[in-house]
Amino acid sequence: MTPRPRDVAVVAFAQSDHRRATPGLSETELLLPVLREVLDRAGLAPGEADFTCSGSSDYLAGRPFSFTLTLDGVGAWPPIAESHVEMDGAWALYEAWVKILTGEADTALVYAHGKSSAGDVRDVLTRQLDPCYLAPLWPDSVSLAALQAQALIDAGETDEDDLAAIAARNRAAATHNPHAQLRGAVPHGDYVVRPLRTGDCPPVSDGAAAVVLAAGERARRMCRRPAWIRGIDHRIEPHDPGRRDLTDSPSTRLAAERAGAFDAPVDTAELHAPFTAQEVILRKALRLTGDVRVNPSGGALAAHPLMAAGLVRIGEAAARIHRGESHRALAHATSGPCLQQNLVAVLEAELEGEPE
Amino acid sequence: MPEQLTAPLVVSFPFTRSLGPVQSAFLTGLRERVVLGVRAHDGRVLVPPAEYDPTTAEEIHELVEVGTTGTVTTWAWNPAPRPNQPLATPFAWVLVRLDGADTALLHALDAPGPEAVRTGARVRVRWAEQRTGAITDIACFEPHDGPETGHATPHHGTFTDPVTSLTAPARLDYTYTPGRAQTRHLGNLARHLLTGERCPSCRKVHVPPRGACPTCGVAATEQVVVGPRGTVTTFCVVNIKARNLAIDVPYVYAHIALDGADLALHGRIAGIPYDQVRMGLRVEPVWRDGDRHPDHYRPTGEPDADYDTYKRLL
Numbered sequence: 035m036t037p038r039p040r041d042v043a044v045v046a047f048a049q050s051d052h053r054r055a056t057p058g059l060s061e062t063e064l065l066l067p068v069l070r071e072v073l074d075r076a077g078l079a080p081g082e083a084d085f086t087c088s089g090s091s092d093y094l095a096g097r098p099f100s101f102t103l104t105l106d107g108v109g110a111w112p113p114i115a116e117s118h119v120e121m122d123g124a125w126a127l128y129e130a131w132v133k134i135l136t137g138e139a140d141t142a143l144v145y146a147h148g149k150s151s152a153g154d155v156r157d158v159l160t161r162q163l164d165p166c167y168l169a170p171l172w173p174d175s176v177s178l179a180a181l182q183a184q185a186l187i188d189a190g191e192t193d194e195d196d197l198a199a200i201a202a203r204n205r206a207a208a209t210h211n212p213h214a215q216l217r218g219a220v221p222h223g224d225y226v227v228r229p230l231r232t233g234d235c236p237p238v239s240d241g242a243a244a245v246v247l248a249a250g251e252r253a254r255r256m257c258r259r260p261a262w263i264r265g266i267d268h269r270i271e272p273h274d275p276g277r278r279d280l281t282d283s284p285s286t287r288l289a290a291e292r293a294g295a296f297d298a299p300v301d302t303a304e305l306h307a308p309f310t311a312q313e314v315i316l317r318k319a320l321r322l323t324g325d326v327r328v329n330p331s332g333g334a335l336a337a338h339p340l341m342a343a344g345l346v347r348i349g350e351a352a353a354r355i356h357r358g359e360s361h362r363a364l365a366h367a368t369s370g371p372c373l374q375q376n377l378v379a380v381l382e383a384e385l386e387g388e389p390e
Numbered sequence: 054m055p056e057q058l059t060a061p062l063v064v065s066f067p068f069t070r071s072l073g074p075v076q077s078a079f080l081t082g083l084r085e086r087v088v089l090g091v092r093a094h095d096g097r098v099l100v101p102p103a104e105y106d107p108t109t110a111e112e113i114h115e116l117v118e119v120g121t122t123g124t125v126t127t128w129a130w131n132p133a134p135r136p137n138q139p140l141a142t143p144f145a146w147v148l149v150r151l152d153g154a155d156t157a158l159l160h161a162l163d164a165p166g167p168e169a170v171r172t173g174a175r176v177r178v179r180w181a182e183q184r185t186g187a188i189t190d191i192a193c194f195e196p197h198d199g200p201e202t203g204h205a206t207p208h209h210g211t212f213t214d215p216v217t218s219l220t221a222p223a224r225l226d227y228t229y230t231p232g233r234a235q236t237r238h239l240g241n242l243a244r245h246l247l248t249g250e251r252c253p254s255c256r257k258v259h260v261p262p263r264g265a266c267p268t269c270g271v272a273a274t275e276q277v278v279v280g281p282r283g284t285v286t287t288f289c290v291v292n293i294k295a296r297n298l299a300i301d302v303p304y305v306y307a308h309i310a311l312d313g314a315d316l317a318l319h320g321r322i323a324g325i326p327y328d329q330v331r332m333g334l335r336v337e338p339v340w341r342d343g344d345r346h347p348d349h350y351r352p353t354g355e356p357d358a359d360y361d362t363y364k365r366l367l
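Protein chains in written order, with this note's numbering: chain A, 35 to 390; chain E, 54 to 367.
Next comes chain A alone, as it looks inside the complex (with noise of 0.2 angstroms):
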């Protein structure tokens, strides 16, 4: 019998307005007045927390070790115990579930930003494809969407008109999301990479986000109602797009099969779904019906700050159970093209066997 791993929970959650450019604020600009929101919910001071870790990427910023600039943000002094992932924010609060789970550490603080403002995303997101077949051709981030949208198509599994409802649906919810940048009704737009249209692909955001995380009792006291981590994995597929069927999404499911997302129903699910096709392959993948509410916050397609956006996903899902709104969430990070890395995690307002 394994001894019971230790509670961990999600008690805290800031998110910056997420804009298509953010001309006068350097990184750590942009994410001071999150980070100071995020610690003053949890009653942390700059520095307090046990582990800091944060997700970014140098590609998007165009220069080396940018992520060092916002440890000015943090209070790194007397000298902290820190990561980084050069990835989406959400795996980073996985690290950070992960340190807290060993007894390291008792609190975490985790952020992420991204200033997709400062190049050309499109042609940015090509670098991390195979330097070998891929890159040479340079399939920019909405052409390799555009041909996964295509083969569900093909597939009978959505049409366009389906994917509009999808763009319409999530921008509708982000009506009641300040920190959205595409709210309410925005047109569909012509063909960017066909079948995918304007309205299909998500806005070019700035952004950060930050998490604080807490196990046990410290979790009780800085939140009144913690949202309990039961579960995170993530999965990888390869890399070359060829050799995958595009239409389905196996990394997704096992992740959520191994975060336990299928053990019981979620009443919410935010989902990291850039392109609207993809919350298609998701919503089958995660088996998600139609009582679950998805993307309240207008998800992906309401605002996509790049290496922040997953870490939001989570924070979103958490912050609906710390006002009561959610029971049993689900939260869903992507990386990569086409869906190919996935992180799901498990949400929860209450442990097993404990009234709420």
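Just to be clear, a hint being listed does not mean it is correct.
As the list claims (entries may be wrong) - Pair by pair, the computed Cβ-Cβ distance ranges are:
#1 E:His204 x A:Gly137: 50 to 60 angstroms
#2 A:Pro113 x E:His319: 19 to 29 angstroms
#3 A:Glu291 x E:Thr211: 43 to 53 angstroms
In case anyone wonders, no lab produced these hints; they're calculated from the structure. Don't be surprised by glycine CBs; every beta carbon is placed ideally from N, CA and C.
With chain A fixed as given, assemble chain E onto it according to the hints.
Okay, now just chain E, sitting in the frame of chain A:
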């Protein structure tokens, strides 16, 4: 509030990568107008080929030749090609399962319009005229009127003068924005004014300012004029001339604690022989005509500062 500063930032890198034996055979084959795949342990033929089995992770090396015709498995019409993409005119991105292969290859399809493209369409390779052993040796695919014919046949994979490495040049253009604090600082420097920011928590003055106190982790917004005079806290003698830098060696590069600052910045020391620079030397900034920032610092002629006045800034 001054206008926000921005500057173009170009990142250009020619990554050179060594190829594994399977990749080498595939890319060399393209140069010779032959498309090779590799057979995985489950019998599937992978094109483009992998060095390792996707299921068992074992090395695989059973090369096979597949057809130069194939079938579109999915497509996307790209009405506005971007720089570096395979065709300059509107084209379809396609995943093509070549005859004899079990996986699909990503490339461009030259077609008159989206109406001419569909999943299941037959296509064939159009070879580039100049071929070097790269995926771009396939210029693109073009429509092809013919049934699926090919099947995978064993291939030795050996060629004369094989390609063993790949140079993948890439250039990305960015716009760098230093942000509020540095914009203000640089604007002040251009007006011959040295400014820092005071931390509201520890009260230290940081120069140059970055918008936050790096020790306390809080926003620093109170501007403080510092210097212009300061003290050399430590220094080094540079003996190797940097490329594109019109400064004669040897010269001295120093940490300078400006009066009123709690952090030393760095600058070049001139106006004194390099071997006479010392800790405690009092210096002041020198702007040349039209400069937006100090060119160097020179001795003020004051007596040296006492060690105790700057030792905490070392």
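Hint check results:
1. E:His204 x A:Gly137: 50 to 60 angstroms: Between histidine 204 (chain E) and glycine 137 (chain A), where Cβ atoms are some 58 angstroms apart, the hint holds.
2. A:Pro113 x E:His319: 19 to 29 angstroms: 23 angstroms, holds
3. A:Glu291 x E:Thr211: 43 to 53 angstroms: Given a distance of about 45 angstroms, which is inside 43 to 53 angstroms, the answer is holds.
In this structure, every one of the numbered hints holds.
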